[in-house]
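Visitor: Sequence:
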Amino acid sequence: MPKETFTNLNKQKKEKILQVAIDEFAEHSFQLASINRIVEKAGIAKGSFYQYFEDKKDLYQLVLDRIVEEKLQYITPAMRNPEGLDFYMLLKEVYLSAILFAAEHPKYAKIGYYMIFDDKSDVYKELLKDNMDKSLQMYEMMIENSKKQGGVREDMDTKLCAYFAYQMGVNLAKDFYLFLEEQSRGHLEQLVDNMIDLMKNGMGKGGNE
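225 is the number that the numbering used here gives the last residue of the sequence shown; the numbers go up by one with no jumps.
Hint data in this document are derived by calculation from the structure and do not stem from the laboratory.
Here the structure is a predicted model, which is why all the values come from computation and not from measurement.
Don't be surprised by glycine CBs; every beta carbon is placed ideally from N, CA and C.
Check the hints yourself; a few may be wrong.
[Stated by the list, open to error] Distance windows between CB atoms, simulated:
1. LEU152 x HIS203: 37 to 47 Å
2. GLU205 x LYS123: 15 to 25 Å
3. ALA61 x ASN217: 53 to 63 Å
4. LEU88 x MET148: 17 to 27 Å
All chains should be built: construct the whole structure from the sequences, respecting the hints.
Guide: In structure tokens:
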């Protein structure tokens, strides 16, 4: 997390540093992102950078926190009250919200692209592992609720189903990053429907009949 010296900066200066960092991490992978370029564009001394942050990873985490904060605004009303919603419809909302958010925030999408496709970075591996753990917990909760509602068969392994749902989301994200053009979004929405149908037929109560 940023040091107190950064927290104490005025809002305008903090925002400028953050926006410069977003640009840098969208244009370059974490490994190739340059603190020198960041401080130059932000108009701060390099020594000041280390008064504000422990290292480049510390700043990168701040960028990710901003992305998560803004992404929460894309949560639909249905997702805010999931108890009465069909599991498969809720899952579709999760996937489509992610697509919409990435489509409207190309810089954030590029940062996500680097995170998913640069498998050589230990930083990305660490952050993806943390994201995976949190996502699996969410999917497990959704599946357990759906079992109680009769949407998912009780004999299905919750952890396995959650992992499958998570991996489908990751693969969907990969497809989006590879096909960013406007005409591709309809294809991705159709892909979401097909993925949900596949899961429903395999996990739903009618899937083994």
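Visitor: Each of the hints needs a verdict: does it hold here or not?
Guide: Each hint tested on the structure:
1. Remark: the range hint 37 to 47 Å for LEU152 to HIS203 is contradicted by a beta-carbon distance near 27 Å.
2. With their beta carbons about 22 Å apart, GLU205 and LYS123 fall inside the hinted range of 15 to 25 Å.
3. A beta carbon spacing of about 60 Å between ALA61 and ASN217 agrees with the range 53 to 63 Å that was offered as a hint.
4. The hint said 17 to 27 Å for the Cβ distance between LEU88 and MET148, and at roughly 19 Å that hint holds.
The structure shown violates just one earlier hint, number 1.
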